[in-house]
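Student: The primary structure of each chain is shown beneath.
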Amino acid sequence: MLRAAKILHLRELIQGHSQAPPSAPRAYSPSGFPPLDSLLEGGLWKGALFELSSPAKTSGASLLMHHLLRLSSQQGQHPALIDGSDTFDPQSADRFLLTRLLWIRCQKAADALRCADLLLRDGNLPLVFLDLRGNSREELRRIPAPHWYRLQRMVEPTAVTLIALTAHSLIPCADVRLCLESRFGLDSLEADPQALLGRIHLHVVRKRPARLGLPIQSAALG
Amino acid sequence: MKYAVLWAPDFALQAVLRPEPELRLQPVALITEQGPRGRVFQATFSALQEGVLAGMAPSQAQARCPRLLFKTRSPAAEDCAKAAMLECALGVSPWVEDTAPGVCSLRWEPGFGADPARLLEALAKRSLKGCLGLAPNPDLAWLAAQAAALGNGPVFCREIRESRELHPCPLKLLTPPTHLSEVLDQWGVRTIGDFVALGREALLERLGPEISPVFERAVGRVERPLRQVTTPERYEEHLDLEHAIETLEPLLFLIRRCLGQLVLRLGSAWLVAGEIHLRLGFASGGFYQRIFSVPSPTGDEDVLFGMLHTHLENFRAEHPVTALGLSAVPSRAPRQQFALFESALRDPHQFFETLARLQALLGEDRVGRPELEPTRRPDCFRMRPVSAAPAEYCPPAEALPGALGLSLRRFRPLVAARVQCSPQPVFVESAEVNGPVLAVQGPVVLSGDWWDRAAWSHREWDVELMDGVLCRLREEPGGWFVEGIYD
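As you go down the protein sequences, you meet chains A and B in turn.
Here the numbering used here is used: the first residue of the first sequence is 1, the next is one more, and so on.
Here the numbering used here is used: the first residue of the second sequence is 1001, the next is one more, and so on.
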């Protein structure tokens, strides 16, 4: 009893004295997609792992990805796409995007994760997409959870934004989990992409507490 | 005016031992060729002390010195050593002559910073030991360099102002013909002074006109211009391995040494490496060659070695390596102003090393920038490697056609499907998409290359399924396929 009281007292002392150092404000850059920016209170977080899941096969996830890649290219950056199942279609993409995009064509999810590891260690590319929608559930289930934690730890100290596209929620440690639920008809095959973006329904499934902060620099200055 | 001669004694042996300078202290003999016709050509001091002599058969030499190591003469290694010597000399004077193997003559200009100690030190950094002779003409300077080799001091350099200073030196420095040398030896003429004292006329009368050039060299009367060499444009290091290499570590060790020499030689000419060419020769007689483009030309040895190391980590060969060649294409150090609205890479070398690792993991055609082929054939593009060169002009984004509608996510390879039609598709069954069709657009008939064997033709349908999936179907003579899903 006396020992338990001492332990409790000791715990209170520690809690009173130890204070976590004040966190640095999170840096972000506007994505150019207002619904996403408002959900994220500013824009895409730098040094963060995003998961964008889209249960439906036609949900506008690729449309959003192309938009973000194109915007990054127009801002003078070099984005990267790690294609887990080699499904990217250059003929559907913006021509200007093709001049800047680094396309990494994988066949297996394990290779895609290794590539993500290499690009995060490199740290030169500010926006990296990891597209795992074409990989089978069995293959993705074989990825141990610590792999994702390791990726999240690697991206944290960098200025890289890593966005993983999945068919269902997969990444337990993602800083932000978003879900896309949209429906498109055949009329959308020849519509203006900007108009189609307005039809995307995006909601936040989970978001780590965002630290208040000002954008360190606008996206145009990289 | 003054001239200098830089001489590397036992040049052929030094050339072969350049990658392994520690062997100089051991008994090593250089043989002319492998096989029974080979003879000892040159040997280290340790081997000479054991009684190994030039002209011996390898078996004889081995009998004299059981722990003798043999190396085979290598013309390629001698070329590399010669290039290294000339670079040293060109760093001191622009008037340099490639006089003989291991010998180069240069016009000595002290006003331009020519310093004997620095020149010999520069040569030592290239794993060559040399002697320097300074004199009023090239031939006297050559004699002075040979005389310097006889000296006992730490720096092998000798300067003479007139030929009389060489009179105490042995007659063999004048390299007279062998039969005349024997005659002079019988006469008791052992030094250059004894030889000159006989007089020109007396020597001509007794030994014939062959002795005339020898006498002129002895008195230092030969004045001749230098046959100037130009700066080499290619920097190479070559190794013929005595023992084949089967593992990576020893190969990397030798590559690192060669790279160090290349960087040193480039640096002395104020140049950096723009490209590195690697060539590996195999025991089977084949070879492997690869060109590494340096993203930002540099003289940093660690960066250059990292590029080679990354590539060789995933390199496999069926036969052991018996020769190594490394050459650098020189370039000026980059002076490039970054574009004002362009985001530069934080660390270009790190980025290109990452690209090399990605290519090693997935294959060279799986990493890069997609470039559309000028054809209407679907899914026709090529992968362009990411270039280190400054970006070519690219039209602004507004000038290039933008994408329309939803993007297609392609299946590679195409997914086979069973489609029920009446006559348009009404039900789709495949590994990726299944279900009744809600709406259809098409068919769109596509064809191309009709003039060629690669002629193609098919029909495409855009369908919307009941579950909301938009997909593209391809109808070919062989059957139906799901080309991709719109997303």
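Just so you know, these hints were derived from the structure itself, not from any lab.
Cβ atoms here follow ideal geometry from the backbone N, Cα and C, with glycine treated the same way.
Any given hint might turn out to be false.
[Stated by the list, open to error] Away from chain B, derived, C-beta distances all over 10 angstroms, residues of chain A:
1) K46
2) S62
3) D86
4) L98
5) T99
6) R100
7) P193
[What the hints assert, rightly or not] Reference listing, derived: stretches of chain B covered by chain A, where coverage requires no fewer than 3 residues with Cβ under 8 angstroms from a Cβ of chain A:
8) 1018-1027
9) 1319-1326
10) 1357-1369
Student: A separate judgement is required for each hint: does it hold in the structure or not?
Tutor: Structure-based check of each hint:
Even its closest Cβ contact with chain B, about 13 angstroms, leaves A:K46 beyond 10 angstroms, as expected for a residue assigned away from the interface. Against chain B, the non-interface label of A:S62 is violated: not every CB pair exceeds 10 angstroms, the least being about 4 angstroms. The Cβ of A:D86 sits about 5 angstroms from the closest Cβ of chain B, inside the 10 angstroms cut-off, so the non-interface label is violated. Not every CB of chain B is more than 10 angstroms from the CB of A:L98 (nearest about 5 angstroms), against its label as outside the interface.
Distance check on A:T99: its Cβ comes as close as 5 angstroms (rounded) to a Cβ of chain B, failing to clear the 10 angstroms threshold; non-interface status is violated. At the 10 angstroms boundary, the C-beta of A:R100 falls inside the reach of chain B, the nearest C-beta of that chain being 8 angstroms off. Non-interface call for A:P193 relative to chain B: violated, since the shortest CB-CB distance, roughly 6 angstroms, does not exceed 10 angstroms. Counting residues of the stretch 1018-1027 of chain B whose CB lies closer than 8 angstroms to any CB of chain A gives 0, which falls below the minimum of 3, so the coverage claim is violated.
Taking a C-beta to C-beta cut-off of 8 angstroms, the stretch 1319-1326 of chain B contributes 0 residues in contact with chain A, too few for the three needed, and the coverage statement is violated. Coverage of a stretch by a chain is defined here by at least three residues with a beta carbon nearer than 8 angstroms to that chain's beta carbons; for the stretch 1357-1369 of chain B and chain A the count is 8, and the condition holds.
The structure is inconsistent with the numbered hints 2, 3, 4, 5, 6, 7, 8, 9, although it conforms to all the rest.
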